[in-house]
Structure formats: C-alpha cells, structure tokens
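Asker: For reference, the chains in residue letters:
Number of protein chains: 2
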Amino acid sequence: MLRISLIGFGGVGKAFMELLYNKEAFLRKEGLSLQINYILGSKGGIYDPKGIDHRKLFSYLKDGQYIADYPYGGSSDINFETMMRNGDIDIMVEMTPTNKETGEPGLTHIRRALKAGIHVITANKGPILLRYKELNLLAAENNVQLGIGCTTGGALPSVNGGLMDMAGAEILSIEGVLNGTTNYILKLMEEKGITYGDALKAAQAEGIAETNPSLDVDGWDTAIKMLILTNVLMNEEKTLKDVTVEGITGLTPEQVMDAKSKGIRYKLVGRTEKVEDIITISVKPELLEAAHPLYGIDGKNKAVRYTSDTLGDLTLIGGASGVVTAAASILRDLINISRGYKFSRIEI
Amino acid sequence: MLRISLIGFGGVGKAFMELLYNKEAFLRKEGLSLQINYILGSKGGIYDPKGIDHRKLFSYLKDGQYIADYPYGGSSDINFETMMRNGDIDIMVEMTPTNKETGEPGLTHIRRALKAGIHVITANKGPILLRYKELNLLAAENNVQLGIGCTTGGALPSVNGGLMDMAGAEILSIEGVLNGTTNYILKLMEEKGITYGDALKAAQAEGIAETNPSLDVDGWDTAIKMLILTNVLMNEEKTLKDVTVEGITGLTPEQVMDAKSKGIRYKLVGRTEKVEDIITISVKPELLEAAHPLYGIDGKNKAVRYTSDTLGDLTLIGGASGVVTAAASILRDLINISRGYKFSRIEI
Chain A
1 MLRISLIGFG GVGKAFMELL YNKEAFLRKE GLSLQINYIL GSKGGIYDPK
51 GIDHRKLFSY LKDGQYIADY PYGGSSDINF ETMMRNGDID IMVEMTPTNK
101 ETGEPGLTHI RRALKAGIHV ITANKGPILL RYKELNLLAA ENNVQLGIGC
151 TTGGALPSVN GGLMDMAGAE ILSIEGVLNG TTNYILKLME EKGITYGDAL
201 KAAQAEGIAE TNPSLDVDGW DTAIKMLILT NVLMNEEKTL KDVTVEGITG
251 LTPEQVMDAK SKGIRYKLVG RTEKVEDIIT ISVKPELLEA AHPLYGIDGK
301 NKAVRYTSDT LGDLTLIGGA SGVVTAAASI LRDLINISRG YKFSRIEI
Chain B
1001 MLRISLIGFG GVGKAFMELL YNKEAFLRKE GLSLQINYIL GSKGGIYDPK
1051 GIDHRKLFSY LKDGQYIADY PYGGSSDINF ETMMRNGDID IMVEMTPTNK
1101 ETGEPGLTHI RRALKAGIHV ITANKGPILL RYKELNLLAA ENNVQLGIGC
1151 TTGGALPSVN GGLMDMAGAE ILSIEGVLNG TTNYILKLME EKGITYGDAL
1201 KAAQAEGIAE TNPSLDVDGW DTAIKMLILT NVLMNEEKTL KDVTVEGITG
1251 LTPEQVMDAK SKGIRYKLVG RTEKVEDIIT ISVKPELLEA AHPLYGIDGK
1301 NKAVRYTSDT LGDLTLIGGA SGVVTAAASI LRDLINISRG YKFSRIEI
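The listed protein sequences derive, respectively, from chains A and B.
When we follow the working numbering, the leftmost residue of the first sequence carries the number 1, and every step to the right adds one.
When we follow the working numbering, the leftmost residue of the second sequence carries the number 1001, and every step to the right adds one.
Next up, chain A with everything else stripped away, as it sits in the complex:
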C-alpha cells in the first residue's frame, strides 16, 4: 500500500484523484495499491489514515463545499505540519500555485518531504526552475525520487524522453515547441491573415489565452520549460538570465502570410545548443520549413526534439493539454518510480 498526500487541490489535483479511482483495476494489475491519506488546501484539509473515499468526497464537493469542512476527516487545523508530524505517507504530490521568484510554498514542501524520506512528484514549475539540482541531490541522498515530468509540457514525455529514451547518449541540443497558446494564436494569424492583437482576442474569447497572456506570448512559459529541460538533461544550472527571450507579439500579418506563401511557418521555438561546451538558450519565433519535424505541431500538441551523440535524433510529439492529461503525467512518474526507476541519482 502506497500512501499519498495531495498538496493543492485544484483542477489537476481533483483529476488525479479521479484518475486513481478510474484506474484502480489497471493499477492493481501493476501490483499497485494506492490510497490518498491527505488532501491539503490553503485553509485546511482532510486527513484519513484509512484513505479518503473518492465517491463520498466528490459527492460532498459538488455543491461547492470546501475540503476543510468535509465531515469525514476535514478540518481547518489539518495542514502540511500535521502530515509531517504524523509521518504516514510514502508519496507527496505537490501542486500548489507556482511562484517563479521564490518557489514558495512548494520549495519548502518539497525540501522537507524529501528530507523525511518521502517521494515527491510535482507539477509545480517554480521550485524545479529555481532549485532542481539541490532538490534532486536531496532526493538521491535520502533514497527517494523526485518526479518532475509534469512541469515541462504535461502529458508530453519531454523529461522521460531525455532521461530514459536517450539514456546513455549525451544530449547535444534541445528544440521545443512547448506552448499551446502561441501555437493557437499563430495558427489563427496564418489561417485568417489577421493581426496578432485580433488573434489574441479570439484566443481569449475561447478561453485558450489568459486575460494576462504575457507568460505565454512573451515566451516566458517556453523559456521556463526549456530551462528545466536544459538543467535536468544537460546537467546545467542555468537561470532565466541565461535565456534570450523574444515573444510572438511583434509578428505582423504580412510576415506570417509571406511565410505561408512560401510554405514555411513561424513557430515559437525554444532552443538549447551546446557548442564546444558553451550552452546557449533562446526562445523566439523561428521560420520552420515543412520538412522540419516541429513544423506541423499545432492545436494542443507540443513537441520536443533532441539531438545526441550516439542515439541520433529523437522527436517526441504529443502532450494534449488539460487537467486529465496533466494528472496522467503525474501518474506516469508515480508508476515509473514504483517500477524502480531512479530519477534521482548521485553522480560520481
């Protein structure tokens, strides 16, 4: 029996709990028996040492109630300290809102859990962006694992692809189309010949772009994902200051349509290259030819391409966005950990 704690209970947390419920038979075949003992929100949580009943909880929550009021183990007094004091979980899933300047509160949660010998799987980019090397070493020293697959493209197995599919090869470059919102806006511009501003408005109306779209359209989301991939797969400690970032807001309809007429296309591309041990990381609109493996990435798909010394090139395309696929990405890390994979190792 693996005992799980969910820190943060938004869309992905709820989807993860549902996924475990729906996949129970599938997980049993893996020899996995999982129960969620803690669900922690910002104002209290639920604790049930026998495992929180999925159906009962979801039936309670559907009328908008808060977890701390849940009659079966809910309380405003239940928090991260309760969990650490009780010491009765095996895996913590960290899903608090991300903070890219301090990493908090996720960073403290992850540090303390790893030190206590608890596996951590996180969807929280901040702590991984800021402190991957420290956290990964902490995991290795405590003989537990740190799963971060969900931080760089959700269902797209970008970290897996680099770690497991390229195991034994040295990654020489990383190329990524990792942001769904900009894919969508660029596609609208190309299809309708409209301006960036009009395409953004349309994407916002459809709920695809956020009210403040800067993180996506100015390239920062891509830059963060590229940084995580670079640091994890190329053993670097780069920060946002090391990335040249240019978004898509300056592209004109004329540029987009001119490219279209030539059968080429702008994509917001993240690019890490290692030349003579010098790493450069950039995010910018690039013109891709039709034969390029990332040319066709649009809709909700994402893609990453690695070049290597001995395993050739590898392009991974996939990663449909959404809370269910994000939850499935967390489950993927959990299963790979349960199958013995050591994400966190001490390099010699």
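Rather than coming from a laboratory, the hints here were simulated on the basis of the structure.
Treat the hints loosely; a few may be bogus.
[Stated by the list, open to error] Think about it this way: if two alpha-carbon atoms lie no more than 25 Å apart in a straight line, the pair counts; the simulated DSS-like pairs of lysine-lysine are:
#1 A/LYS262 / B/LYS1187
#2 A/LYS274 / A/LYS238
#3 B/LYS1262 / A/LYS192
#4 A/LYS238 / A/LYS100
#5 B/LYS1262 / A/LYS260
#6 B/LYS1284 / B/LYS1238
#7 A/LYS29 / B/LYS1342
#8 B/LYS1115 / A/LYS29
#9 A/LYS274 / B/LYS1029
#10 A/LYS29 / B/LYS1133
#11 A/LYS29 / B/LYS1238
Note that the coordinates shown come from a computational prediction; the quantities given were computed from them, not determined experimentally.
With chain A's structure known, arrange chain B on it following the hints.
Answerer: Showing chain B alone in chain A's frame:
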C-alpha cells in the same frame, strides 16, 4: 562492477564494445563500471575474468583474425556452456543471427541465462517474436530484467516510448513506419517517377536494400516489429498468422505520382488497433496526408505513434539506422536497468 558477456560478435557486437570503451568516462559518472568477460562466436570465443582489453583485441582483429585465436584468453573450447558453468556474469547481450521460425540458438541462450539470474539484453528478434511472454515472466520470476529495445527499430525508443513514456495509460493503437529500406524505395519512386523494380535496383546498388529484399519490401520486417510492440505493450500473444501483410511491390509509378500530385504519399504502415477488445494488426501501403505525423518519415528515420486513454497521442520519430545506434540502443537498456527500472514484472 557489472560483468558482461557478448553472444555474437558481428557489427553490432563490435560497435557495442567500442561504445563501452568510448563512453567510459560518461558511464563512470553514472556510477557504472562495466567489463566484458566473454565474447562468444559460433566457433569458440574469448574469456578473461579480468575483462577483455578493448584496444588489444581490436588491434588483433583488424587483420581479419578470429576471436578464438586471440592469444589472451581466446579458445575454440570457450562457448555458452563455459560461461554458464563459470557463472561469473551479470548481463548477457544476445546478438546471434535471428531465426524467426525456431528462435534458436538465441531462445535457448536467453532462457538459460534468465533462469541463472542473469539480466539479458537482446537485439535478436526471433526469440522475442516467438516467446516474449514466457521469457519476460521467466525474467520476473528470477528477479532479473529482459531488455528488448533494440528489436523494434534500433535507436528509435519504440518499446521505451510505449512502456515508460505511456506508463499508466492504456495503449489503444500503434501505428508505425518502421522499415528504412521501403522508406528509401518509396522516396526514390516519388522523386524520380520510376518503377518499383528500378527503385529497388538503385537501393541495392547503394547497399540499402539486400540482395533478397523480401523481408523488407514484402512487409515482414514491419510485421515482426509490430507484433513485438503489440505483444509487449498491449499484453497480447499474437503471431504472424494474426497479421494481414501487404508489401510495396505492387505499387505502380502512376499510383505514386498521382498521390504526389495531390500532396499525399504512400508509406508502408504497420497498424494495430483495439476496438471493443478485438485486436487487428495490418501492414500495408497507406496513403498519408501531409498533416499526418508519419508523413515526413524518410531516409533512415523510423517512427511510431501511440494513442492512449489518458495520455493522449504520442509520436516518436528517430532511430537512425546503423551499428553504432543499435549498440547505443543496447546500452540504453543496460543503463535503464542499472537505474533500477523493472522491464520484467509479474502482473497480478
């Protein structure tokens, strides 16, 4: 220290030995210290319990000498039985010529090694095609691993992609462009408007198609790879009788050029689909539209695409052909095993 035995010492075996030599520093960082204690050919082999010296051996072999005559541990009396009797290896790499009817001699080698508690990594399709389920269970029962990544596309992480990148998801379909020779011939037909026969001759002249090209052009190579992927990833026990196979030999230049004029393209596609628990497997020339993720696969690249219940779709493109990349694929399995990954598990 992991002690390795190489069974079969053709191009891939030699490339694997060179790869371990070239990657020594890289492997040391992984905490891996590897030595090759046995190299077995069909007429004897080499045994050195202290590890066979790479430079000394390759310098000896470059004049065409045979391994059994090698003055430092070579003998015509050294064979598989010697190795089993001595019981002093941890990992066996099985690379004997494949036999798709009996699986021998690889099948016996693999069975006996697994029973003796030795990890096995194999590039040999025959035993995996015929007896994957038995061998995988045998590995699990003996608490060792069976690595088969090299059997289905060399460097293309097709097995990895399905097992690790889709962990926790149910694979609903597999689509593959897995044969380099047919990619090449179809490309020639499309580029030059020539007949299948002329394209085959050109491919043979360049050493890309074999003198007897049937395995490739009649679709059997693709069928075998699709069967292995289906059985491994969808937990089936299908055989070649369950696959509808049609090669590319019947395609006319008119068909190919007509498709080209419409912006579509023939590829030799392997396809496994599960509909209401019924599995169908086919290999045939299919017309792919430009937007299809497998449309652009040519040259030496291969690709596989999975659809799943909870992780969306995943397309993997890569897998440059060659002995070095095949050797790197074997090393990939070895490293993932050394990182603790349990390829072989007992399902409950």
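Asker: Take the hints in turn and mark each one as holding or not.
Answerer: Results for each hint:
Distance hint between A/LYS262 and B/LYS1187 is fulfilled; the C-alpha atoms sit about 23 Å from each other, no more than 25 Å. A distance of roughly 13 Å separates the Cα atoms of A/LYS274 and A/LYS238; the hinted pair therefore holds under the 25 Å criterion. Under the criterion of a C-alpha separation no larger than 25 Å, the hint pairing B/LYS1262 with A/LYS192 is consistent with the structure, at around 23 Å. With a CA separation close to 14 Å, the supplied pair A/LYS238 and A/LYS100 stays within the 25 Å bound.
Of the supplied pair hints, the one linking B/LYS1262 and A/LYS260 holds, its CA atoms being roughly 18 Å apart against a limit of 25 Å. In summary, the hint linking B/LYS1284 to B/LYS1238 is supported, as the alpha carbons are separated by about 18 Å, within the 25 Å threshold. Straight-line distance between C-alpha atoms of A/LYS29 and B/LYS1342 comes to about 15 Å, which keeps the hinted pair within the 25 Å bound. At most 25 Å may separate the alpha-carbon atoms for a hinted pair to count; B/LYS1115 and A/LYS29 meet this at roughly 24 Å.
Using a Cα cut-off of 25 Å, the hinted pair A/LYS274 and B/LYS1029 holds, with the two alpha carbons roughly 19 Å apart. For the given pair, A/LYS29 sits about 16 Å from B/LYS1133 by alpha-carbon distance, which is consistent with the 25 Å threshold. Annotation: proposed proximity of A/LYS29 to B/LYS1238 holds, straight-line Cα distance about 21 Å (limit 25 Å).
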